[in-house]
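Q: In order, the protein sequences belong to chains A and B.
The first sequence: position 7 = 173 (this note's numbering), numbered continuously.
The second sequence: position 4 = 1359 (this note's numbering), numbered continuously.
Rather than coming from a laboratory, the hints here were simulated on the basis of the structure.
Fair warning: this is a prediction, and the values are worked out from it, not measured in the lab.
Just so it is clear, CB atoms sit at the ideal spot from N, CA and C, and this is done for glycine as well.
Where hints are given, some of them may not hold.
Calculated pairs, DSSO-like style, for lysine-lysine (alpha carbon to alpha carbon, straight line, at most 30 Å) [unchecked claim]:
#1 A:K207 / B:K1455
#2 B:K1428 / B:K1455
#3 A:K175 / A:K206
#4 B:K1455 / A:K202
Which chain B residues face chain A? A few, computed with CB under 8 Å, are given here [stated by the list, open to error]:
#5 G1388
#6 F1390
#7 G1398
#8 M1400
#9 F1402
#10 L1403
#11 Y1405
#12 G1407
#13 E1411
#14 G1440
#15 M1444
#16 F1446
#17 R1450
#18 Y1454
#19 K1455
#20 F1458
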Amino acid sequence: DTAVSQTPKYLVTQMGNDKSIKCEQNLGHDTMYWYKQDSKKFLKIMFSYNNKELIINETVPNRFSPKSPDKAHLNLHINSLELGDSAVYFCASSQVGVGQQETQYFGPGTRLLVL
Amino acid sequence: AQKITQTQPGMFVQEKEAVTLDCTYDTSDQSYGLFWYKQPSSGEMIFLIYQGSYDEQNATEGRYSLNFQKARKSTNLVISASQLGDSAMYFCAMRDDDYKLSFGAGTTVTVRA
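Take these sequences, add in the hints, and give me the full structure.
A: Dropping the structure here:
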């Protein structure tokens, strides 16, 4: 009964490879997000989708491409991986609303290590 | 630009005592939401407590409470009766009008037996 799930949990790959991370939420939320947590634990928003529409696109290299096939899924594809992409990537979801309804719930994270 | 400041990189607290984690924010928005998350060593992000900018009362959730001072733009988290399981990193975050969450740098809490 996991609310927000991500696969894989760990991803070790070589520089230059292309990889994808998948995210699914069963909370019925209409908005999903990708965050990156760097080695200093700093968390920063990358993208957000609302009902399959991209609404937030921060300054992220265009090697990163999100895709939302439906409002319960948000995937992240990364092309030509670089050493600096090593981080923990979190998916989150929320319901756009008022008050605590807008709380974002996070997945367990995907630990990406680029060698 | 939104900014969240957590000035305490790390704190130690004795088991069963209370600890206060500081958080100040900077925004020109009238409507915003403030959140605290816990990240234990296992890595997941756990939502703890929420305070809305229009809420007049301080939020409380079990052993967690907020000291929300809107004029000072601060929302400090108080953890009462600390337990060993409270040892973790704690993040303050703010939701702005664009529904983005901006996070502080975090505070590591270590509870001593």
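Q: Holds or violated: B:K1455 with A:K202, Cα cutoff 30 Å?
A: holds, 13 Å
Q: If you draw a straight line from the CA of A:K207 to the CA of B:K1455, is it 30 Å or shorter?
A: Between A:K207 and B:K1455 the Cα gap is close to 18 Å, so the pair holds against 30 Å.
Q: Return the status of the interface hint for B:F1390: holds when the least beta-carbon distance to chain A is below 8 Å, violated otherwise.
A: Holds. Min distance 7 Å.
Q: Was the hint right that B:L1403 lines chain A, CB cutoff 8 Å?
A: Nearest chain A Cβ about 10 Å off; hint violated.
Q: Taking the closest Cβ pair, is B:G1398 under 8 Å from chain A?
A: holds, 5 Å
Q: Would the hint on B:K1455 be counted as holding, given a Cβ-Cβ threshold of 8 Å to chain A?
A: holds, 5 Å
Q: Can B:F1446 be said to touch chain A, with a Cβ gap under 8 Å?
A: holds, 7 Å
Q: Given B:Y1454 as an interface hint, is the shortest Cβ-Cβ distance to chain A below 8 Å?
A: holds, 6 Å
Q: Tell me if B:F1402 is really an interface residue toward chain A, meaning its C-beta lies closer than 8 Å to one of theirs.
A: Status holds, d = 6 Å.
Q: Tell me if the interface restraint on B:Y1405 is satisfied: Cβ within less than 8 Å of some Cβ in chain A.
A: holds, 5 Å
Q: Decide if the proposed pair is consistent with the structure: B:K1428 and B:K1455, CA atoms, cutoff 30 Å inclusive.
A: Holds, at about 18 Å.
Q: Can B:G1407 be said to touch chain A, with a Cβ gap under 8 Å?
A: Holds, because the Cβ-Cβ distance from B:G1407 to chain A comes to roughly 5 Å (cut-off 8 Å).
The structure is inconsistent with the numbered hints 10, 13, 14, although it conforms to all the rest.
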